[in-house]
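Visitor: With the sequences and hints as input, model every part of the structure.
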Amino acid sequence: MLSKEEVLSNSDFWEMIAPQARREYESRNAVYTLMVEVTSQCAGSCSFCFSSSTTSLDHAVIPTEKVLQLLDEAHRLEIQEFVCTGGDALAHPDWMDMVRYAKEKGMSVFLGTSMLISKNVARQICQLGVDLMCAHIDSIRQDVYNKVHKNPKTLEKKIKGYQNMLEAGFPPERMIPLVTLTKPVIETIEETIDWYVDDMRAKAIALISLKGEGFGKELKYLEPGMSEFKRAYEYRAKKLGPEWLRLGTCDLGKYFCKTHICIHTNGQVAPCNIQREVGVGNIYQESLEDIVEKHRDHLLFNFEIKGVCGHCEHNDLCIGCRANSYYYTGSLQHSDPKCFLNPKNTEEYCYQEARVGK
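If you want the working numbering, it's the 1-based position in the sequence shown plus 52.
What the hints contain is simulated information worked out from the structure, not anything from laboratory work. Hints may contain errors.
[Said to hold, decoys possible] No more than 25 Å apart at the CA atoms, straight line, and that leaves these computed lysine to aspartate or glutamate pairs for DMTMM-like: (1) LYS255 <-> GLU67; (2) LYS157 <-> GLU76; (3) LYS155 <-> ASP342; (4) LYS209 <-> GLU243; (5) LYS155 <-> ASP195; (6) LYS235 <-> ASP183; (7) LYS272 <-> GLU225; (8) LYS291 <-> GLU243; (9) LYS199 <-> GLU239; (10) LYS118 <-> GLU130; (11) LYS255 <-> GLU239; (12) LYS282 <-> GLU365; (13) LYS155 <-> GLU225; (14) LYS290 <-> GLU338; (15) LYS209 <-> ASP250; (16) LYS282 <-> GLU242; (17) LYS291 <-> ASP368; (18) LYS171 <-> ASP183; (19) LYS358 <-> GLU78; (20) LYS199 <-> GLU130; (21) LYS290 <-> ASP368; (22) LYS157 <-> GLU365; (23) LYS199 <-> GLU242; (24) LYS118 <-> GLU76; (25) LYS255 <-> ASP368; (26) LYS155 <-> GLU125.
[To be verified] Restraint-style ranges between C-beta atoms, simulated for each label pair: (27) LYS346 <-> GLY382: 17 to 25 Å; (28) GLU399 <-> LYS212: 33 to 41 Å; (29) ASN203 <-> PHE355: 21 to 29 Å; (30) GLN121 <-> THR398: 14 to 22 Å; (31) LYS157 <-> HIS363: 21 to 29 Å; (32) GLY362 <-> GLY277: 18 to 26 Å; (33) ASP146 <-> LYS290: 36 to 44 Å; (34) ASP64 <-> GLY181: 21 to 29 Å; (35) GLY277 <-> SER339: 30 to 38 Å; (36) ASP146 <-> GLY362: 38 to 46 Å.
For each residue, glycine too, the CB sits at the ideal point set by N, CA and C.
Guide: Right under this line is the structure:
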């Protein structure tokens, strides 16, 4: 494990996890990133989806005019980054207008998609100047992929979409692969990480624990144990560098979690896109500016973190996953019960029964 001084000397890692601008925003309890779920629609077919988790054919959409209004408010709040996501952001008919408007406002743009991207759309994304993208492919092994997805055909299409982006000129280091860790996926996690790093030239990989939200509430049998989590995170560190172990399961790090807010498709404003039950205001009832002003500390996790996470040697970079804390303990303030760095955490820690079915 690297010391704090050694992490500081690794400029690539530090710039990715704790860039100076984001640290400055965190120091004054300000919002750096606005994440907007512009639609719940997605064809990615993930069986554990927390956003498009409905059997209905109807999908929630935030109207284009409302998104543009939010970007105006974000500009007044001096927000620097717009995460346009869903669902699949590309399923919104006016996603290009939103990206273009955010860029005109001087914001960087992070695009969240299913990676079902044609050559033409890949060119459009590059031409718009999108700064970052997420590539959610949990496994490149068809048999493993089939265990956690409803449509097996989407794997080949996602891989092709990823290739289309790189062929269109999108920088590989600006693509952030994402893997949701389930028991089947971890069985071949080394192969998946090797593919991302060696073949797709990724410089970072987000490993996200399965959450008890959306369809995930019914899939406890897919939940990995602590040793399985450790296996995945340690292999990522082997490929990308030992400094990655200092993040535990808080995969984007303290400075992202404490400087971003999310707006769900129903208009609720929450601290995180995975926390769908802790919204504190609705954009259809109040302005974003008023909501942020009234609920700033809640939205930016500006409160005491209890237990091991509160005094962990790594809490200069990590505060533990607050969503894990909420879904497993019922509180945003407790230690992350899924972190393999916490010696008090047990091998098997199932979802809190009180949350299942809510």
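Visitor: None of the hints should be skipped; say for each whether it holds.
Guide: The hints, checked one at a time:
{"no.": "1", "hint": "LYS255 <-> GLU67", "result": "12 Å, holds"}
{"no.": "2", "hint": "LYS157 <-> GLU76", "result": "20 Å, holds"}
{"no.": "3", "hint": "LYS155 <-> ASP342", "result": "24 Å, holds"}
{"no.": "4", "hint": "LYS209 <-> GLU243", "result": "19 Å, holds"}
{"no.": "5", "hint": "LYS155 <-> ASP195", "result": "40 Å, violated"}
{"no.": "6", "hint": "LYS235 <-> ASP183", "result": "32 Å, violated"}
{"no.": "7", "hint": "LYS272 <-> GLU225", "result": "34 Å, violated"}
{"no.": "8", "hint": "LYS291 <-> GLU243", "result": "11 Å, holds"}
{"no.": "9", "hint": "LYS199 <-> GLU239", "result": "12 Å, holds"}
{"no.": "10", "hint": "LYS118 <-> GLU130", "result": "18 Å, holds"}
{"no.": "11", "hint": "LYS255 <-> GLU239", "result": "22 Å, holds"}
{"no.": "12", "hint": "LYS282 <-> GLU365", "result": "18 Å, holds"}
{"no.": "13", "hint": "LYS155 <-> GLU225", "result": "20 Å, holds"}
{"no.": "14", "hint": "LYS290 <-> GLU338", "result": "47 Å, violated"}
{"no.": "15", "hint": "LYS209 <-> ASP250", "result": "20 Å, holds"}
{"no.": "16", "hint": "LYS282 <-> GLU242", "result": "12 Å, holds"}
{"no.": "17", "hint": "LYS291 <-> ASP368", "result": "23 Å, holds"}
{"no.": "18", "hint": "LYS171 <-> ASP183", "result": "18 Å, holds"}
{"no.": "19", "hint": "LYS358 <-> GLU78", "result": "19 Å, holds"}
{"no.": "20", "hint": "LYS199 <-> GLU130", "result": "43 Å, violated"}
{"no.": "21", "hint": "LYS290 <-> ASP368", "result": "22 Å, holds"}
{"no.": "22", "hint": "LYS157 <-> GLU365", "result": "39 Å, violated"}
{"no.": "23", "hint": "LYS199 <-> GLU242", "result": "17 Å, holds"}
{"no.": "24", "hint": "LYS118 <-> GLU76", "result": "29 Å, violated"}
{"no.": "25", "hint": "LYS255 <-> ASP368", "result": "22 Å, holds"}
{"no.": "26", "hint": "LYS155 <-> GLU125", "result": "14 Å, holds"}
{"no.": "27", "hint": "LYS346 <-> GLY382: 17 to 25 Å", "result": "24 Å, holds"}
{"no.": "28", "hint": "GLU399 <-> LYS212: 33 to 41 Å", "result": "38 Å, holds"}
{"no.": "29", "hint": "ASN203 <-> PHE355: 21 to 29 Å", "result": "41 Å, violated"}
{"no.": "30", "hint": "GLN121 <-> THR398: 14 to 22 Å", "result": "47 Å, violated"}
{"no.": "31", "hint": "LYS157 <-> HIS363: 21 to 29 Å", "result": "40 Å, violated"}
{"no.": "32", "hint": "GLY362 <-> GLY277: 18 to 26 Å", "result": "25 Å, holds"}
{"no.": "33", "hint": "ASP146 <-> LYS290: 36 to 44 Å", "result": "43 Å, holds"}
{"no.": "34", "hint": "ASP64 <-> GLY181: 21 to 29 Å", "result": "22 Å, holds"}
{"no.": "35", "hint": "GLY277 <-> SER339: 30 to 38 Å", "result": "45 Å, violated"}
{"no.": "36", "hint": "ASP146 <-> GLY362: 38 to 46 Å", "result": "43 Å, holds"}
Violated hints, in rising order: 5, 6, 7, 14, 20, 22, 24, 29, 30, 31 and 35; the structure is consistent with all others.
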